[in-house]
Amino acid sequence: MSEENKVLNFIEEIVEDDIRNNRHGGRILTRFPPEPNGYLHIGHAKSICLNFGLSMKYGGKTNLRFDDTNPVTEEVEYIESIKDDIKWLGFDWGNREFFASDYFQQIFNFAVNLIKQGKAYVDDLSSEEIANLKGSPTIAGTPSPHRDRTVEENLTLFEEMRQGKFKEGEKVLRAKIDLASPNMHMRDPIMYRILFTPHHRTGKEWCIYPMYDFAHGQSDSIEGITHSICTLEFENHRPLYNWYIDNIGIFPSRQIEFARLNLNYTVMSKRKLLQLVKENLVSGWDDPRMPTIRGMRRRGYTALGLRNFATSVGIAKRNNLIELSLLEHSVREDLNKIATRVMVVSDPLRVEILNYPKDKLEWLQVENNSEDPNSGKHEIPFSATIFIEQEDYMDNPPPKFFRLTKGGLARLKSAYIIECVDVEYDELGKVSSLKCNYFPESKSGSDTSGLKPKTTIHWVESNHALDISLRLYDRLFTVEEPDKQEGDFKEYMNPNSLVINNNAKGEPYLKTAFLDNVKHFQFLRKAYYVFDQDSTSDKLICNRTVELKDTFSKPK
RNA sequence: UGACUCAUGGUGUAAAGGUAGCACUACAGAUUUUGAUUCUGUCUGUUAAGGUUCGAAUCCUUAUGAGUCAACCA
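Reminder that position 224 of the first sequence reads as 224 in our numbering, one-by-one numbering, no gaps.
It is worth saying that the hints were derived from the structure and are not from the lab. Since the structure is predicted, the reported quantities are computational estimates derived from the model, not experimental observations. All residues carry an ideal CB built from backbone N, CA and C; glycine is no exception. Errors might be hidden in some of the hints.
Each computed PhoX-like pair below joins lysine-lysine, with the alpha-carbon atoms no more than 20 Å apart [as the list claims (entries may be wrong)]:
#: 1; residue 1: Lys484; residue 2: Lys272
#: 2; residue 1: Lys278; residue 2: Lys435
#: 3; residue 1: Lys539; residue 2: Lys87
#: 4; residue 1: Lys360; residue 2: Lys443
#: 5; residue 1: Lys57; residue 2: Lys270
#: 6; residue 1: Lys204; residue 2: Lys167
#: 7; residue 1: Lys435; residue 2: Lys413
#: 8; residue 1: Lys413; residue 2: Lys377
#: 9; residue 1: Lys176; residue 2: Lys134
#: 10; residue 1: Lys511; residue 2: Lys490
#: 11; residue 1: Lys435; residue 2: Lys406
#: 12; residue 1: Lys549; residue 2: Lys413
Simulated restraints, written as ranges between beta carbons of each label pair [claimed, not checked]:
#: 13; residue 1: Phe401; residue 2: Glu97; range: 30 to 40 Å
#: 14; residue 1: Gly487; residue 2: Gly164; range: 39 to 49 Å
#: 15; residue 1: Phe401; residue 2: Ser370; range: 18 to 28 Å
#: 16; residue 1: Lys337; residue 2: Ser432; range: 33 to 43 Å
#: 17; residue 1: Gln117; residue 2: Val76; range: 31 to 41 Å
#: 18; residue 1: Pro137; residue 2: Gln117; range: 47 to 57 Å
Can you make the complete structure from the sequences, with help from the hints?
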């Protein structure tokens, strides 16, 4: 055991304890149980990493199980995307792919079992009537007039429910537990309801469907799940989870709850994300501003970055609000190691190098990534006209500005040192171009000039420059907790969450890289970028994944 | 004002009665042909009040604050 393994979260402690006590023979089986009614988000990623991580750590397995017990909201479309996202994240469930709907017959049999024990009954009351008789947390519920039907009567009625002899809402099957329980979930919860909507897998075979509480734990038990990990809002369901298992007498899976992930400046509920998509406030589930796995992937976040993030947020029972900066840190950490360095000028300022021969062109070697010695090199052109970043030149620099100024020096990355000798302005008085001289003996790698410019700036040669479209993404909301504000959360959307820049100039290698399927880049001194899926070799579109840390521009 | 759960720096997470640690953030400094990376350092914390104990973040009591629950959703 290494040092880091000694710090266990509370679930790992439970698992190690179970292994120590030889519970289930030391077998560990977890599951990830998505409902196929939406796309996976970063919160699901935390759960996926937890469940798969746990089984990998303790020599167990993890099942993928679709919790498809509500045909009204579920669609096949989501199943493929969910599987795709889990694979992309880097996890493999092998052949352990299951559906709660596969267990409908067994779950039905469990219900019959409870009816026979006198622990379940068919109720004719409407949804409203049942709710009204349920009482409140401080007031006990009132029994339904149908609570004491005979076993035979219940058996017949339930079978008739199954045969489709009743309309939707006409009858339900309820567990007979305790109408006075302080836990509302124990007040004769509904086990089955009638639904004539065809199911995406079982078609019209069934017209009665088990409720979550009578399907999830049963599926866990059928699969022999040892640790059924869910989020905190199911804490109050645990007594019911256990009651069903105890009373049916099936494999005792154990439910364990942990705090879901909350990220600031975003929303995480499927319902709200769906709203953003439906109302076209984002371009889709894979909009790079979305906290969905697809969105983050399109944004350029890496699977490893996301997995590391999931690990670093930790597992506990206390409600949390994670700062976006931790996510960004995790992503940068990975990208720093793998991103190919290129030069792209987002706001070009033309520079003429007066003492460089007008028709000369040289190709210079640059490293793909100085962090990775095996990443190789590529070539960039250099000539008498180049672009640099507008913000890298100032007439009247503030103190501590050490980029280019009139009469000042700067190193062009991987090329020469230049000195600014003259400045031209447009009619508005804005700097329109620079005249510089270069120092031939200052060439990168063989510099004998003895000059020590205070900084190195990025640049792009003008004749070979590629026009690049940049999509600059920022946080989707202007407030930390959009859900907790007054009024509609959508009022707090950040109007600048997407800014498109079509003026950027990139080095020609970008096109080669695109054709070579290189994905992640660091645009030197600016940010990490990824090619958007809409790119073609003639029109490169880059999504800004995350900016580089910048300790200079902060003070303003 | 019912039940369940939780409470440690700005954020997140450890410390199983014995030095309050780690990561992120922020701020310094060093290195740097990216104001990045890397390295070093600094700031800030046990919700409150009692109790048990030689000793309490940890155990007990009470208070306070927060979350969840009264869907034929999951």
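So, going through the hints one by one against the coordinates:
no.: 1; hint: Lys484 / Lys272; result: holds, 13 Å
no.: 2; hint: Lys278 / Lys435; result: violated, 52 Å
no.: 3; hint: Lys539 / Lys87; result: violated, 30 Å
no.: 4; hint: Lys360 / Lys443; result: holds, 15 Å
no.: 5; hint: Lys57 / Lys270; result: violated, 30 Å
no.: 6; hint: Lys204 / Lys167; result: holds, 15 Å
no.: 7; hint: Lys435 / Lys413; result: holds, 18 Å
no.: 8; hint: Lys413 / Lys377; result: holds, 14 Å
no.: 9; hint: Lys176 / Lys134; result: holds, 13 Å
no.: 10; hint: Lys511 / Lys490; result: violated, 38 Å
no.: 11; hint: Lys435 / Lys406; result: holds, 10 Å
no.: 12; hint: Lys549 / Lys413; result: holds, 19 Å
no.: 13; hint: Phe401 / Glu97: 30 to 40 Å; result: violated, 59 Å
no.: 14; hint: Gly487 / Gly164: 39 to 49 Å; result: holds, 45 Å
no.: 15; hint: Phe401 / Ser370: 18 to 28 Å; result: holds, 25 Å
no.: 16; hint: Lys337 / Ser432: 33 to 43 Å; result: holds, 39 Å
no.: 17; hint: Gln117 / Val76: 31 to 41 Å; result: holds, 37 Å
no.: 18; hint: Pro137 / Gln117: 47 to 57 Å; result: violated, 28 Å
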